[in-house]
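J.: Respectively, the protein sequence lines represent chains A, B and C. Per our numbering, the first sequence starts with residue 79, numbered consecutively. Per our numbering, the second sequence starts with residue 112, numbered consecutively. Per our numbering, the third sequence starts with residue 113, numbered consecutively.
Keep in mind that the hints were calculated from the coordinates and are not lab data. Do not take every clue at face value.
[To be verified] Straight-line distance between alpha carbons at most 25 angstroms, and here's what the computed SDA-like set of lysine to any residue pairs gives: (1) LYS233(A) x ASP239(C); (2) LYS171(B) x LYS394(A); (3) LYS535(C) x ASP492(C); (4) LYS137(A) x LYS171(B); (5) LYS394(A) x ALA903(C); (6) LYS139(A) x LEU98(A); (7) LYS182(A) x LEU230(B).
[As the list claims (entries may be wrong)] Pairwise CB distance ranges (calculated): (8) THR772(C) x THR237(B): 18 to 24 angstroms; (9) GLU211(A) x ASP577(C): 52 to 58 angstroms; (10) ASP783(C) x SER370(A): 35 to 41 angstroms; (11) SER271(A) x THR237(B): 39 to 45 angstroms; (12) ALA373(A) x ALA277(C): 53 to 59 angstroms; (13) GLY336(A) x ASP783(C): 42 to 48 angstroms; (14) SER893(C) x SER370(A): 32 to 38 angstroms; (15) ILE147(B) x ARG93(A): 31 to 37 angstroms.
Glycine residues also receive a C-beta, built at the ideal position from the N, C-alpha and C atoms.
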Amino acid sequence: MRMPPFRFERPAELRQALDLLRELDGAGNGYVLSAGGTDLVPMMKSQPVSVGSLISLTKLKALGGIRLDPGKSLSLGALVTLGDLSSDAAVRETFPCIAETAGKIATPQIRNRATVGGNLLVDNRCIYFNQSEQNRLAHTPCFKAGGETCHLVPKTARGDDPLCRARFVSDLAPVLLLLHATIRIASTAGERSLPLRDFHLPDGISRNRLGRGEILTRIDVPLPGPSAGVLYEKLRIRNAIDFPSLGVAVSLGRIPGGGTRFGAALTGVHTRPVVMQVDEAARGSREESVDSLIAGISRAVTPFRQGFFPPDYLRKMIPVLIRRNMEKLLRKA
Amino acid sequence: MESGEMKLVTLHVNGRPFRRAIVPSTTLLEFLRDEIDLTGTKRGCDMGECGVCTVMLDGKPVLSCLLLAAEAEGAEVTTVEGIARGNELHPVQEALVAHGAIQCGFCTPAMVVNAVHLLERRPAPTREEVKECISGTICRCTGYTKIEKAILAAAGGDSGEGGKEA
Amino acid sequence: MKEYQVIGKPVPLIASREKATGKAKYTDDIRLNGALHIKILRSPHACADIRAIDASGALKAAGVRAVITGRDFNHTFGVLPISKDEPALARDTVRYVGEPVAAVAADTEAQAGEAARRIRVEYEAHDPCLDPRAALLDTDRPIHPELGRGNNLHKSARQEFGDPARGFGEAAAVVEGTFDFQPLTHGFTEPHATQVEIDAQGSITVYSSTQVPHYLHRALAEVLEIPMHRIRVIKPHLGGGFGGKSDPFPHEMIAAKLALITGRNTRLSLTREEVFSSNHGRHPTTIDMKLGLHPEKGITALSTDVLIDGGSYGSFGVVTTYYNGVLLHGPYPAPNFSFACDRVYTNKPMCGAMRGHGGVNPRFASEVLFDMACAKAGLDPCEARLKFIHEPDTVTANGFRITSVGLKEGLRKAMERSAWKEKFGKLPYGKGIGVACGFFISGSALPIHWNKMPQSTVRLTIDFDGGVTVYSGASDIGQGSDTMLAQNVAEVLGVPMSMIRVIAADTGLCPIDLGSYSSRVTFMAGNAARNAAIRMRRILVSAACKLLEIGEPRYGKPGGPDSFFRQGGRKPDFDDPYLGPNPDYSDGFEARELTFRPSAGPREGAGVPYLDAVRKAMDGHGALQTQGIYVSPKMGGDFKGAGAGLSPGYSFTAFISEVTVDPGTGFVRVDKVTGAHDCGFPLNPLSVEGQLDGSIHMGLGQALMEAIRYDPKLGVVQNASFLEYKMLSPFEQPEIDVGYDANVDNEGPFGAKEVGEGALAPVIPSVANAIHDAVGVRLRSLPMTPDRVLAAIEAGAAVTPRNENGKGGM
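Assemble the whole structure, with the sequences as input and the hints as a guide.
T.: Next up, the structure:
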């Protein structure tokens, strides 16, 4: 299966890469950024049209490495592979949940190429979009494929927000959200950073706030995390390769003034990751807090029939998985 | 870029350099099979889902169908053809043969690569580690059972005889 | 038990070293000079008329050598002579999404792909018929108008034996249910591939990933309208079949046609998605079944009413239609039996044969009902099965000869090893144990093309160096049939495996074998190989006698097993190459380690080296050649469909599965499968175990997760990928402990029967029955996904009182 042709560039320095992007943007030429390529290459194989230039980021040292600043933060280069992330001693020590979650993504071979940055930027998926060129001909093209239809919500019209309900499938995002991660983004204008919770958008096409000419460089996770930590459970029919049908992260921490803070974040069941926290102090009993967390976060997501599990089942599993994992954390705390 | 624009690349495969002019969209799998006729690495889905195209890139298993050949420049690629020494099979290969872990054999090159990497990293793996190591490559014939046994045996964890009741 | 030299030993498959090193060539690994690449344009519609095809844009595109459409073919084809309904390229109508419409041959793959995009096809789309129930209704637009029917019925089968009404009246427990099954696909890892080499005379050699070189050979000759002798079909190494490569395919016709048109070599390999849309997998099925059980008499009556959705073309469908009923005549007698099955056409990719062909879905229904009946009648499900499994040398209600049955002892042992008595009904809530049995054919006794030719022929040659070459038309598809042939020959001749070379699945060199399907190869090609070897042995023993200056052995009347003669079979005659199945070949010599030794008489113990015997036999004669054949004995009744399911031998299987059900999520984990499989005498334990492991893997896939999903309006496959079509990963494969205690079948080669397919079916109901034991719910639809299990638990909890150990009742 041959990909449509493209120009290949592999800049050696971040500065060169950013300049290249600005140049391409200025000339109105298309490009895609590639790190591990494990999400991008299948997409390009299903597309009849060229992406223009493919800019490989794999030589950019500034985007590499795991740096631990004890007591302050753990900084993950966007190019760190999921394989390295899952086995890194510093990560296992400070945030075992990050290592464990990374180890549940895709397959060992894919984790040896796929990156942390790529996982946060992984394209949203839909059974009507993630199909081959031939298969998509059976449908009228959807918004995400450049058409004027949504097969999941047929009444959608251009101008609606969200326009596309393709689901968000990153496993790391819910965990990093509960750890209050921030991300750094570089452009020729310099570097900006923003909380991960502000990064993703509720639309399956625009997806996030990474702009033209920008490159995600690092992910910083502040230390210490929630006192009892974070747990992630990935619901999928088999314990290999699959994206999360539903991913549930929960956290348990202390509120600075006393009391417990319950957190949960979901992936796989909405157009973006959803995160929510409830403070016990404000809620009375622990059960009520967890109930209110479950009720709140369940209201915030809209699962569709997107493959293996029916949406009503996924809805049913949200409270089950939140409670189970919260109990595990409570036992630990 | 305009179609037909070629790029000259040099890839080191199984210890030998191969210099070829390719279109940049050429995957490593296409390079191996079509440019240098190393057909031991198989194409099963071409979309990163079946794992039969697994090769080692600087000693780590990767999917050659998802990797641009141009990205492999400067790295050492090892395919199944680079595992045995002449006619002397690697212990993993010997074990797969002896344990009946090879039926149709289409996943075997990838399983060999997966297992050789595992045993280099973990000379005495657990059953779970073996499962994990082969979980990215589909085998539809064996149910994985004999592949797991063979890898454990290659690591010295089993008699190596095969044949439950024989 | 007789001690053999090679037979019964764990023998690594002879191709495994070249497979382990990457040297083995599969079809797509072949490199033909200057081969043109082919891209097939496929239909985006499930149902449409083709108004016009404009290929001018494609023909002008760079590198394009030829474009063909349905107009380039005059004949349709199909594996069964009674349903040759498939075109190589759609002519006037398309019947499923993905049906080939046109094909391009170009210098490069990219050029072929680009040119295919430039072909303009004008379709007039119609509402597709996707629902098998709707397919039974009258319509103005039948999918196959050539049948002259006003609906989409393809095949109806009806059979009745005994008196079902009376049988149900005699039963102590009558249970019934409706069972529902999804479409499945084979999931082999090697996509279909074909390469065609053409010579200056216009003769072609077709390399193809096929299980059936002979049927492909026939179909190519017919579709291309050239004689068979101008076509040579070769199956290189093959990356898995499971029934999915047992039909001739459009892409094979297309590649050959384009080679003939261009005079150039051609090649193609399907994408994974094209493999999904070609399908030929397990039929979506609905079964209404009723079973009556009596504690002393066994099954008193069984009736079943089945609807199977065949998709767009016939494939093996007529056989599937019958197998849905006739394979219920085992593993227990069912004297009063009625069966109705309809196969309909719908606008989906066609369904055909898949491992356990036609027998898997009814087995699920019957074994779940058997379990329910046991519960109702107060019987232990294992004990009841033990009691009612067929007795050897009996005949079923529909006339199947049941010859060897070696399951009872195996099931008893499995009960002990799994601690059945301590566990069944006694495990804590969420843990369960369940049993199910099955049986399957060792090849179909009737050939697809009705003729009197042998079903299998094997030729042997020995040249002056003593090396033995086995020529067989059988297709090694990874199951190890080449190794099996070599073992049979090695054992008879007393030569090591290393001196035997197998040349197989090449219609230019090998005698005809019908192919690798219906678990026929070990029984049929194995017997043919064994008989060819016996003939060779007689030549060598004769030479040895000359060297020892003793008289030749008297062979007497060629022998054969009792049951064979008792129930009617072809008379063996040594002047005929056919020696009968599995005859005794004792000749007063022991042949082992390359030496022939008389085991009695004046020269007892004197050794004649094998090579001396070979050279003596060759004196003035040249290379030694023999041929062995296999023909099924005559069997079966005289009624419509009597031939379906007739086999010279049947395998029997019992599985006891242990599961853990998470009542909060509905997830089912299969922890362990203990069991027994009667494959007769196991020729190669490594292969037997490998087939059992693989059957369990595939069966559990159907049990727990596999299903093709079609868009309900458009008929397009929604999960045409290995990511979305879920097959078990290593983490879901359970611990397996299945015995295959040697039980000799009189007619199988060295006593062997099938092992490749029969074990798939019973593992599925054994899991369903274990789920019932775990959480008290009966699942009647496959796959038993967490959402269905959870819904059943919730529904059951609402209506079913818990019994004393916390489990639901019926």
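J.: All the hints need checking, so say for each whether the structure fits it.
T.: These are the hints, each one checked on the structure:
1. LYS233(A) x ASP239(C): 22 angstroms, holds
2. LYS171(B) x LYS394(A): Given that 25 angstroms is the threshold and the Cα spacing comes to 40 angstroms, the pair is violated.
3. LYS535(C) x ASP492(C): At roughly 12 angstroms apart (the allowed maximum being 25 angstroms), ASP492(C) and LYS535(C) satisfy the hint.
4. LYS137(A) x LYS171(B): Roughly 18 angstroms between the alpha carbons, so the hint for LYS137(A) and LYS171(B) holds.
5. LYS394(A) x ALA903(C): 11 angstroms, holds
6. LYS139(A) x LEU98(A): 17 angstroms, holds
7. LYS182(A) x LEU230(B): With Cα atoms ~21 angstroms apart, LYS182(A) and LEU230(B) stay inside 25 angstroms; holds.
8. THR772(C) x THR237(B): 18 to 24 angstroms: Since THR772(C) and THR237(B) have Cβ atoms about 21 angstroms apart, the given range 18 to 24 angstroms holds.
9. GLU211(A) x ASP577(C): 52 to 58 angstroms: 55 angstroms, holds
10. ASP783(C) x SER370(A): 35 to 41 angstroms: Given range 35 to 41 angstroms: holds, Cβ gap about 38 angstroms.
11. SER271(A) x THR237(B): 39 to 45 angstroms: 41 angstroms, holds
12. ALA373(A) x ALA277(C): 53 to 59 angstroms: 57 angstroms, holds
13. GLY336(A) x ASP783(C): 42 to 48 angstroms: 46 angstroms, holds
14. SER893(C) x SER370(A): 32 to 38 angstroms: 37 angstroms, holds
15. ILE147(B) x ARG93(A): 31 to 37 angstroms: Since the Cβ atoms of ILE147(B) and ARG93(A) sit about 36 angstroms apart, the hinted range of 31 to 37 angstroms holds.
In summary, the structure is inconsistent with hint 2 from the numbered list given earlier, while agreeing with all the others.
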